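Chains as they are written, first to last, in this note's numbering: chain A, 1 to 447; chain B, 1 to 492.
Be careful, since some hints might not be right.
The calculated lysine-lysine pairs, modelled on DSBU-like cross-linking and capped at a C-alpha distance of 30 Å, are [said to hold, decoys possible]:
no., chain 1, residue 1, chain 2, residue 2
1, B, K319, A, K322
2, A, K322, B, K313
3, B, K313, B, K165
4, B, K483, A, K149
5, B, K165, A, K404
6, A, K151, A, K198
7, B, K319, A, K50
8, B, K209, A, K322
9, A, K198, A, K174
10, A, K285, B, K483
11, A, K369, B, K40
The set of hints was computed from the structure by calculation and includes no laboratory data.
All figures in this text were calculated on a predicted structure; none of them were measured in a lab.
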Amino acid sequence: MKYSPNCQDSRETMLKDIGVDNVDALFESIPENIRLKELLQISPPVSEFKLKKQLQQLSNYVETDAISFLGAGAYRRYIPEAISSITSRSEFLTSYTPYQPELSQGSLHMMFEFQTMLSYYTGMDVANASMYEGATAVAEAVFMAKRIKKKLNRVLVSTGLHPEYLQVLRTYLKHSSLEIALVPVDEKGQTDLDELEKMIDDSTLCSVFPVINFYGVIEDQKRHGEILDKVNAINISVIIEMTALGMIAPPGEFGADIVVGEAQSLGLPVAYGGPYLGIFACREKYTRQMPGRLIGQTVDSNGKRAFCLTLSTREQHIRREKATSNICSNQALCALWVSLYLSLIGKMGLKKLSKLNYSKTQYLLSKIKDLQHFNLRYESPVYNEFVLDSDIELEKVLATLESKNILAGVPLRRFDSKDVNGLLVNVTEVNSKEEIDCLVQSLGEVK
Amino acid sequence: MKSNGMEGLVLNEPFIFELQGAQECGIDIPEFDVEMQDPKNNIPNDLLRKEIEGLPDLTEPQVIRHYTRLSTWNYSLDGGFYPLGSCTMKYNPKINEAAAAMPGFANAHPYLPDNLSQGMLKLLFELQNDLTEISGLHTTCLHPAAGSHGELLGMLLIRAFHEDKGDLNRTKIIIPDSAHGTNPASAAVAGLQPIELKSNSKGLIDFKKLEEILDETVAGIMITNPNTCGVFESDIVEICELIHKKGGLVYMDGANMNALVAKAKPGDMGVDVLHYNTHKTFSTPHGGGGPGAGPVSVSEKLVPFLPKPVLEKDGDMIKWNYDIPKSIGQVRSFYGNVGVLVRAYTYIKTLGALGLRDMTETAVLNANYMKKRLSEHFNIPFADGHCMHEVLLSENGLEELGITTMDVAKGLIENGFHPPTVYFPLIVQGAMLIEPTETESKGTMDDFIDTMIALKGTAPDQLHDFPAKTVVGRVDEVLAARKPKLRWNKDA
């Protein structure tokens, strides 16, 4: 299949107009000795019919029908059909970054509404038009803190942060003057705020603090905010399970200076880890230090309301090495997914959905209490995810359940080789009561 | 003037927050099949949300209509010619979308055990191999979320390479002045100091100057090839040899790889590390600004430092390997923008080796045809020889007519075309960078060229008022920056 409409005749006319005999002559600026003589070692073209079959075969070799309790930063949610009916529209799908505002008011208006929804939802003053994904958004937030407090270098990070996010943060900070100090999680599964209080001082640049941590535990944002208030440090709050904010107070209420996180759980498919949607919101006074695209409201030549990309002097195409970030694209289409999800679900829906997730998790927790070989690791309140400790070899437990077509959770040894017993279990609205009962029964049968 | 645009039905639409709601939820949330639990019984009241603001309560048809109406305000590639130079707006095949939506790809959880995700891993492994073959390098990493993310990864790899040898003084990176702004910005994030290299009179790297500034503090060079003037760096082999001789490495910005695929391999030129933009070369949709994907191919000497995890073949199984002792670490969560990568894979398989070569040749043929015709009416700063996939014009010659590049851009809009990339690259006065890609027919290009020529004969006063047929007139970008209004406010 070719996607080029030029017939042989027009190709020849064009070659003649240019004044060359053949198309190879156009490549003469490439030195002869590095011009490819042979075809690439890539399989020959495949018809759409055959390729679709091959793709379906590959797709079939991925387990997506099992009863799944996998979460840990990628959340299985019900995604209404209405969303893809809009996201597949060519007007959104096949347009470029809105550099020409007169031709892009649709995307710009949408992203302005996205910024509005995200800033309200996180309780912040402003939100940008999105980042790559959650982990890089955290790293960008720490860099932004450094731009605000130029002399400070100590970055406190809760070990309740998603381990992959921490890894990414380390990679990003490697060549900077910043140092990471880890704040432990206590026996209740919460960030040890007594310890944080001891560690924090006037040299602290920022505290990276999860609203709900990697173990599913709801953190004490209030006390964290109070501790941060006493010092100069920037409060960076991280939220990964965004539906939780339907029920949990937003970080903006507790003095967060920057809120970053991952919005995949608001309508984006798990898609084997991407594309997802990093969010970035902050206090108004820090707007000019933000990374990423910002959409602003303005007027056109007739005084009519219009939108355009704005505050671009922060960005790489103007400021080059002095830019606030190297980020160029945002995830506009993913922002459209999330805008649609938030527009559809609305205030009332988010309250209901978060309560549903919470109630289902409470139901599973109440059943698990009766299991002989499995214990809840932390007693603190959780939203829709928690850690189970198994006193039977976890490998065996997972294999047994897998044979019954159940994926019981994400084993924590994936992130920490010493954590051999821990299993992170996630429940969402897509897990029916029957599925939850089935999990409990199957866990009870493992010996 | 023959116009590609006409006045049509321009819709009006308020903010979604201003629509009269039915006080309903527009999503049919799955059944409440367990007993409702009140979070107040368990969670301190202070930590619970009191109210949610800034979201509507609408039904599905209202939401669909809102976004459908907004969509009509966008120009799109499916709707017309989009000749943005350096952005490569080529057709996005529909089969790609169907592939990405297949359940095994869209619904696969990233923490599925490897043995349960072999179909996904096989696809990614094959894509990795195909991209490696196209690059002529040793292997490919699929993680980066975008081209600029790939640049950052490239810089981190180059730093890791030097540090591993105990060579800690190499903290500078040479970047030509024609480079994309992301190059110096990415280098800065990796803690490298960019040294700008002025282009010579042909818009190419000045070999002599390069030789002069090279020393043992230089970690390497970032080269866009073909460069942002649409010209191939003919001395590329000698440049790579020189950099290597002085102990540095060569990063190639592959933003313009669509001009080279199946015609020349960066690995054969001496390049050490290269990023692709899948949305430029491999037809994945731009989506109004993302998501992209920026796979990075590397030479053998950089393999030990690749980010975790690395996709490897182990017998019949494809597996993620996290045990990479010298790895720079992770550069993002999970493994990459897989949904985008599936589309790139589908494109490569559709075209095959032959189709990929034809894609490149047609893109270059189209650009040279446009160059030939436009050269009779506009100034082309680097006119020697043939261009590659795009042609660069300057504002020279327009000033005496009282016209600017911006006027040409807005005049094109008035006539139903998306303008080319304007005012980039920075090394040319009032640049207009035009890239037709292989997607456009001679007829479309002729219409566009005729319009460009006709605009030269249009009264400047009239041009200043363009566009008039769009949903909004010329947008006041200065006001937007001076008084930033970045969100709707319920109380305003």
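Now the hints, each set against the structure:
Proposed proximity of K319 (chain B) and K322 (chain A) is contradicted: the alpha carbons are some 40 Å apart, above 30 Å. Proposed proximity of K322 (chain A) and K313 (chain B) is contradicted: the alpha carbons are some 41 Å apart, above 30 Å. Annotation: proposed proximity of K313 (chain B) to K165 (chain B) holds, straight-line Cα distance about 29 Å (limit 30 Å). Of the pairs offered as hints, the one joining K483 (chain B) and K149 (chain A) holds, with about 25 Å between alpha carbons and a cut-off of 30 Å not exceeded.
A distance of roughly 51 Å separates the Cα atoms of K165 (chain B) and K404 (chain A); the hinted pair therefore is violated under the 30 Å criterion. Of the pairs offered as hints, the one joining K151 (chain A) and K198 (chain A) holds, with about 21 Å between alpha carbons and a cut-off of 30 Å not exceeded. Among the hinted pairs, K319 (chain B) with K50 (chain A) is consistent with the structure: their alpha-carbon atoms are about 27 Å apart, no more than 30 Å. Between the alpha carbons of K209 (chain B) and K322 (chain A) the distance comes to roughly 24 Å, so the proposed pair stays at or under 30 Å and holds.
The straight-line distance between the Cα atoms of K198 (chain A) and K174 (chain A) is roughly 25 Å, inside the 30 Å bound, and the hint therefore holds. For the hint pairing K285 (chain A) with K483 (chain B), the CA-to-CA distance comes to about 13 Å; that is within 30 Å, so the pair holds. For the hint pairing K369 (chain A) with K40 (chain B), the CA-to-CA distance comes to about 21 Å; that is within 30 Å, so the pair holds.
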